[in-house]
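Chemist: This is what each chain is made of:
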Amino acid sequence: MEASSLSKILYIDLDNKRYWIKERPELFKEWLGGVGVGIKLLSEECPKNIDPLSGENPIIFAIGYFNGIYPLASKTVALFKSPLTGNLGESHAGGRCGLAIRMAGYGAIVIKGSSDYPIYLVIDENGVKFRDASTLWGMSSTTAVGRILREKEGIPGIRSIMRIGRAGEKMIPYACVITETFRTFGRLGLGAVFGSKKLKAIIISGRDSLKVKDPRGYRNIYDELYNSFIKSGAMKKYHDIGTSMNVTSLNLISSLPVRNLQKTKFEGINELSGEALAEKFLGRRIACAHCPVSCIHVATLRIPYENEPYFYRIKMIPYDYEPIYALGCMLDIRSAEGFLKIMDRVEELGLDAISTGVILAWATECMEKGIITTKETDGLLLKWGDYETYIEAINRIVEMKGEFYEALSKGVEYASSKYGGKDFALSFGGNEMPGYHCGLATHIGFLVGMRHSHLDNAGYDIDQKLNAEGKKPNPKEIAKMIFEEESWRQVLSSLVVCFFSRKVYTPEVISRCFSVIGIDITPSQLKEKGIEILREKYKFKVREGFSFEKLRIPKRILETPTPQGILREEDIREGIMEYKKLLEGK
Amino acid sequence: MVKRISVVDVDLCVGCQLCMFACNRRFAEAGISRAAIFVQSVGGIERGFIIRVCRACKDPPCAKVCPTGAISKREGGGVRIDHKKCIACGNCMKNCLIGAIFWDKSLNKPIVCTYCGYCVNYCPYGVIKLEEI
Chain Y
1 MEASSLSKIL
11 YIDLDNKRYW
21 IKERPELFKE
31 WLGGVGVGIK
41 LLSEECPKNI
51 DPLSGENPII
61 FAIGYFNGIY
71 PLASKTVALF
81 KSPLTGNLGE
91 SHAGGRCGLA
101 IRMAGYGAIV
111 IKGSSDYPIY
121 LVIDENGVKF
131 RDASTLWGMS
141 STTAVGRILR
151 EKEGIPGIRS
161 IMRIGRAGEK
171 MIPYACVITE
181 TFRTFGRLGL
191 GAVFGSKKLK
201 AIIISGRDSL
211 KVKDPRGYRN
221 IYDELYNSFI
231 KSGAMKKYHD
241 IGTSMNVTSL
251 NLISSLPVRN
261 LQKTKFEGIN
271 ELSGEALAEK
281 FLGRRIACAH
291 CPVSCIHVAT
301 LRIPYENEPY
311 FYRIKMIPYD
321 YEPIYALGCM
331 LDIRSAEGFL
341 KIMDRVEELG
351 LDAISTGVIL
361 AWATECMEKG
371 IITTKETDGL
381 LLKWGDYETY
391 IEAINRIVEM
401 KGEFYEALSK
411 GVEYASSKYG
421 GKDFALSFGG
431 NEMPGYHCGL
441 ATHIGFLVGM
451 RHSHLDNAGY
461 DIDQKLNAEG
471 KKPNPKEIAK
481 MIFEEESWRQ
491 VLSSLVVCFF
501 SRKVYTPEVI
511 SRCFSVIGID
521 ITPSQLKEKG
531 IEILREKYKF
541 KVREGFSFEK
551 LRIPKRILET
561 PTPQGILREE
571 DIREGIMEYK
581 KLLEGK
Chain A
587 MVKRISVVDV
597 DLCVGCQLCM
607 FACNRRFAEA
617 GISRAAIFVQ
627 SVGGIERGFI
637 IRVCRACKDP
647 PCAKVCPTGA
657 ISKREGGGVR
667 IDHKKCIACG
677 NCMKNCLIGA
687 IFWDKSLNKP
697 IVCTYCGYCV
707 NYCPYGVIKL
717 EEI
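Here the protein sequences line up with chains Y and A, keeping their order.
Following this note's numbering, the residues of the first sequence are numbered contiguously, the last one being 586.
Following this note's numbering, the residues of the second sequence are numbered contiguously, the last one being 719.
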């Protein structure tokens, strides 16, 4: 196949257990791939105002031209209507799935309808097989599901196993989809959409090759990229300590949310810093397919059995900055072992770590303030640092045991509407808050970002730069920077390259990378494309009822000082409205 | 100076699979269908990886079962495949204990390492090396 001919879309209809393939080269030419093609397909396939947990909600997986061709292009974009926010659902994952989809010859996969019994899909270049997953349904561990499918389905080429856990089966709106054991489509509830379709897992594999237009140019540019990534040392920090290095750096600048953002300094820093975890627990580092960085850090935890001396359970538990923030710092867990045990439970159940941590932090503060008591929690006394109680609470959330846990299972926005405590319910546009309290740009970024994630536009990064240079934040300027960053990230998410590679994949480099595979696109055309894609996402959001004016600003972020001091609501609102103007092209 | 690819320490492998993509680039193609080296997990990524690549046996079992003499022994160890003589029976693949003979679907012929060492240049953690036998 030609590298420049990304065109195949695999449509799967779960109602009728059938599939078909459509060639749509023009869609990829116009919208690049990844999130660009994904948002067009979502807009086509998702009827207005549907219930996200109905069969009408489509799941779109999309990859781009660079997957399988260039290093660090290892991501897949998933688009769907989010059961958590009732609006745009977008989640990215690494692992092997992006490469598996490309090597199987597809550019995108659209999954529609729902099955009447649990199934899993086996996808390769020849199409789709529908297999009964009844035996896997209700299994308590996502790792076990992966092992069973791995044994059953063999190993042709690059292969990915996406699966949901109990949380997805129970349609918890912040359930995730786990791929390759340690990577997740984490945010906004793709796992629940799988669950609503009775779709337990997808195995996809492929072993294709791709011809390029200029073979010599291709090899040269590949070497240039490889040298930038590896020999320059640019990626070393991601390999050494990994994203968890942020625990120390954010704590140092008082930007690390602790105890539901009551504070920004963490007393458990010596236990939960990336450095400490690496020293005491790091067991293995793993890479996504076709990425030499290997930022995935996996801890080894040896847990003795209580009733059996000299008998141990060995757990391999992945950790990254965001889970440490949410399940560690936000809950004031000061024991690394305690954090890893919560992390392990969250992974096995298949929940989004950030949402879970933020929800539990809110519940703990509610208890602290007397808004709820052990009557609501059915005897559980939630208190900071008590990881065993938190693990039990997580189990009850997934099983929705009683009214209170059922409310928690619907997200912090919902739970606080029911019980109060809205001022310290940390969610933006319905999505629980990521781990940064660096200043004005951070929070404007969360609010305006199309998926309300720190990865939309990295406002926290803008703040850190402003703060380091001692510059005063200006809402209008911040809005401009956020808009530029967010629109450019649409291009990266359409290729689909990892954001860690963004300093290497500049508009000029991307344009040259395209040229050797036979596609002409200039740096300025790329930037324009980014803006167009962002506007397509906004169009979908507006269609589903989103408006910038309606955004709720949690009071807590205005109470706890940032490195820029106390934030003012009017500055945040000004930034939001400025962003809106830019987005609407006014 | 007969050489082969040797796995220095498989525990250093992070599973990035860059060696596979490098092998395919010998033909100036992206992807992996023509790669003669393969990295896979052993019972899940958490358990680590294995690397399947020809270890240049002195008396290669694959050559013994080739009915047409398409696979010939290389002096000093290892094999060479003459695709003109090959009838694509697949015996060599089945008889390789470590699964280091692969299938090129577009040619419909087996592929095996040519001991060129191109992949070694793209292993960032020194898992594989080109060594003299």
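Quick caveat, the hints were computed from the structure, so don't treat them as lab data.
Any given hint could be a false lead.
Computed footprint of chain Y on chain A, listed as stretches where at least three residues anywhere in the stretch have a Cβ under 8 Å from a Cβ of chain Y [unchecked claim]:
hint, stretch
1, 629-643
2, 648-658
Beta-carbon label-pair distances, calculated as ranges [claimed, not checked]:
hint, chain 1, residue 1, chain 2, residue 2, range
3, A, I636, Y, E406, 42 to 50 Å
4, A, N681, Y, E224, 37 to 45 Å
5, Y, K539, A, H669, 51 to 59 Å
6, A, G685, Y, K471, 54 to 62 Å
7, A, L683, Y, P25, 39 to 47 Å
Beta carbons are placed, not taken as given, at the ideal position from N, Cα and C, and that holds for glycine.
Chemist: Now tell me, hint by hint, if it's right for this structure.
Modeler: How the hints compare with the structure:
1. 629-643: holds (count 5)
2. 648-658: Since three or more residues must qualify, the claim that chain Y covers the stretch 648-658 of chain A is violated, with 0 doing so at under 8 Å.
3. I636(A) to E406(Y): 42 to 50 Å: holds, 46 Å
4. N681(A) to E224(Y): 37 to 45 Å: With Cβ atoms ~41 Å apart, the hint holds.
5. K539(Y) to H669(A): 51 to 59 Å: Since the Cβ atoms of K539(Y) and H669(A) sit about 54 Å apart, the hinted range of 51 to 59 Å holds.
6. G685(A) to K471(Y): 54 to 62 Å: About 59 Å separates the Cβ atoms of G685(A) and K471(Y), which means 54 to 62 Å holds.
7. L683(A) to P25(Y): 39 to 47 Å: holds, 44 Å
The earlier numbered hint that this structure contradicts is number 2, and it is the only one.
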